[in-house]
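Participant: Each chain, written out:
Protein chains: 2
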Amino acid sequence: MSENGTGAASRKGRPRSPAADDAILDATRALLADRGWAALTIGDVAVRAGVAKTTLYRRWASKQELVLAAVADMLDTLRLPDCGDLAADLESVVRQFAALLARPEMQTALMGLVADSTRDPELRLRVREVIVDPQKRLVVEGRAQARARGETTAANAIDVDLVFDIIAGTVVQHMLVSAEPAADVWVKKFVAFVGAGLMGTAEGLPED
Amino acid sequence: MSENGTGAASRKGRPRSPAADDAILDATRALLADRGWAALTIGDVAVRAGVAKTTLYRRWASKQELVLAAVADMLDTLRLPDCGDLAADLESVVRQFAALLARPEMQTALMGLVADSTRDPELRLRVREVIVDPQKRLVVEGRAQARARGETTAANAIDVDLVFDIIAGTVVQHMLVSAEPAADVWVKKFVAFVGAGLMGTAEGLPED
DNA sequence: GTGATTCGCTACGACCCGTAGCGTAACGGG
DNA sequence: CCCGTTACGCTACGGGTCGTAGCGAATCAC
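Protein chains in written order, with our numbering: chain A, 1052 to 1259; chain B, 1052 to 1259.
Accuracy of the hints is not assured; some may be wrong.
When chains are identical, the list treats them as one kind, so a pair holds in a single copy or across two.
[As the list claims (entries may be wrong)] DSS-like cross-link-like pairs, simulated, lysine-lysine; straight-line CA separation at most 30 Å:
{"no.": "1", "residue 1": "K1104", "residue 2": "K1114"}
{"no.": "2", "residue 1": "K1114", "residue 2": "K1187"}
{"no.": "3", "residue 1": "K1239", "residue 2": "K1187"}
{"no.": "4", "residue 1": "K1187", "residue 2": "K1240"}
{"no.": "5", "residue 1": "K1187", "residue 2": "K1063"}
Bear in mind the hints are in silico, worked out from the structure with no lab data behind them.
No experiment lies behind these values; they were computed from the predicted model shown.
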């Protein structure tokens, strides 16, 4: 996340305070939650974290990198369970993702980063590295799991990139644009739709 | 979009220049395109439009309202054709939407507005009024059209809100987050997926 | 004309930016 | 144990943007 010298490079001198890292990232999340991306200022984060402004600039090059670090940990909590069938696994992941997206700091952070990244190729790359790609593994692993269980028809129909965009995109659109909670019925309807899409596009592929 | 007094309220006095409106909205789109949402400043827009900064503040209460007005017209160009079957209609709309989302000013404007709206309920409402709801009609009309053609099975499976979120969300995710163009093959694969999802979830509904 | 409103222009205090300089604090090595 | 090195807190700075106010000139309805 940050360029903290855990490597052999910065061994001499006073080490950076890990406590400061935690305080800063916590303060960032707190301010994101109750003021939002646009109103988030480095100075405010420093005050709230009880840290000098220069300490922040010493670790993160920009507001974007700071927020990226602040939300990266949360996203890594997503887990792929093995519920016994593909639909149940999918439903679990959708619920976990929806729970993350229900948090205000996550909402404003993700959209703010995406907004800035539309005109900043380097940031867009960082967003993919830190946020998108690590979560795409869930689809890859879910497909492998389904295949191992013998659900070959559905598994073979999974185009990882397309399925990922459908899941992530739809949940984001529903919760942040349509601004409705991911209620139980909604999740079930959506999961059923994706399942039907997979089975329906499986034609012409090797059967199990 | 703006509170321009086209009504009977502001009949006396010097009328607002429509030319200024056009110049301002054009300048807004141009600056959005080559600097992005975050770097868009009211002062820059005024200079580029050849207009005083106060003229801008007289018409739009905030940067968000200005951008909202600047992109509203573009979104209203979306048209629902009647290609003969639901899948073809859907494909056409997806292509039109993808073409809009390929424009840089549209990318940064939409994401910037959504980002701000996550912590601003009033703005979120405005976004829904101006952007989301007017486009949702495409799904409603598409369903009615399909039903009139006798495609009752698929039509009855259409949950307007869910289908809208799937279409809009997936295209946005693919183009702005995954940052890949909506190539021909991609559109066909996605449309096939949605079609399969509709037919698959049609079970238990009245047949045609 | 007369009153009302908009226009361009200039100026203002407030805020945030990112950086620099300073003295002090905390580490490792000779 | 001191010394080099780096991090830390603090203060201060020039530069930019914000949103508003005040002014004279311009342009409409009546």
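Participant: Would you mind marking each hint as holding or not holding in the structure?
Facilitator: Each hint tested on the structure:
1. K1104 x K1114: Both, since 12 Å and 28 Å are each at most 30 Å.
2. K1114 x K1187: The answer is within: 25 Å in one copy meets 30 Å, while 35 Å across copies does not.
3. K1239 x K1187: Answer is both: 21 Å inside a copy and 22 Å across each meet the 30 Å cutoff.
4. K1187 x K1240: both (22 Å within a copy, 19 Å between copies)
5. K1187 x K1063: Neither way: K1187 and K1063 sit 39 Å apart in one copy and 60 Å across, limit 30 Å.
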